[in-house]
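Assemble the whole structure, with the sequences as input and the hints as a guide.
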Amino acid sequence: MTDDQMEAWEKIRSVSDRAKFLLSIGVTAELETDEPNLEFRAYVGDVRLPITGATKLTAIERGTTWLQEKAREAEERKQ
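When you line the sequence shown up against this note's numbering, it's residues 3 to 81, in that order.
Worth flagging that the hints you see were computed from the coordinates, not collected in a lab. One or more of the hints may lead you astray.
Claimed, not checked - In silico DSBU-like pairs for lysine-lysine, Cα to Cα no more than 30 Å straight-line: (1) Lys-72 x Lys-22; (2) Lys-58 x Lys-72; (3) Lys-58 x Lys-22; (4) Lys-72 x Lys-13.
Structure follows, in structure tokens:
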């Protein structure tokens, strides 16, 4: 995540808007070495998501789905 993206991220207050912003950047995954089991953690830039997976692809797919759900949940509450 660039400095400009991080600055924009910090200004966003709603969960829905934050989720949409992170989705626009894209989810990646890194191997977690501090977990008891070796797992991949979903990230967007420097933002660590509360999602893991046994493979990098699984973590990315789960992280993307989780962000999509967060974006949708907030929108549904508005209606």
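Outcome of the hint check:
1. Between Lys-72 and Lys-22 the CA atoms are separated by roughly 9 Å; this keeps the pair inside 30 Å, and the hint holds.
2. A C-alpha spacing of about 21 Å is found between Lys-58 and Lys-72, which places the hinted pair at or below 30 Å, so the restraint holds.
3. For the given pair, Lys-58 sits about 21 Å from Lys-22 by alpha-carbon distance, which is consistent with the 30 Å threshold.
4. Only pairs whose Cα atoms come within 30 Å are accepted, and Lys-72 paired with Lys-13 is accepted, the gap being roughly 18 Å.
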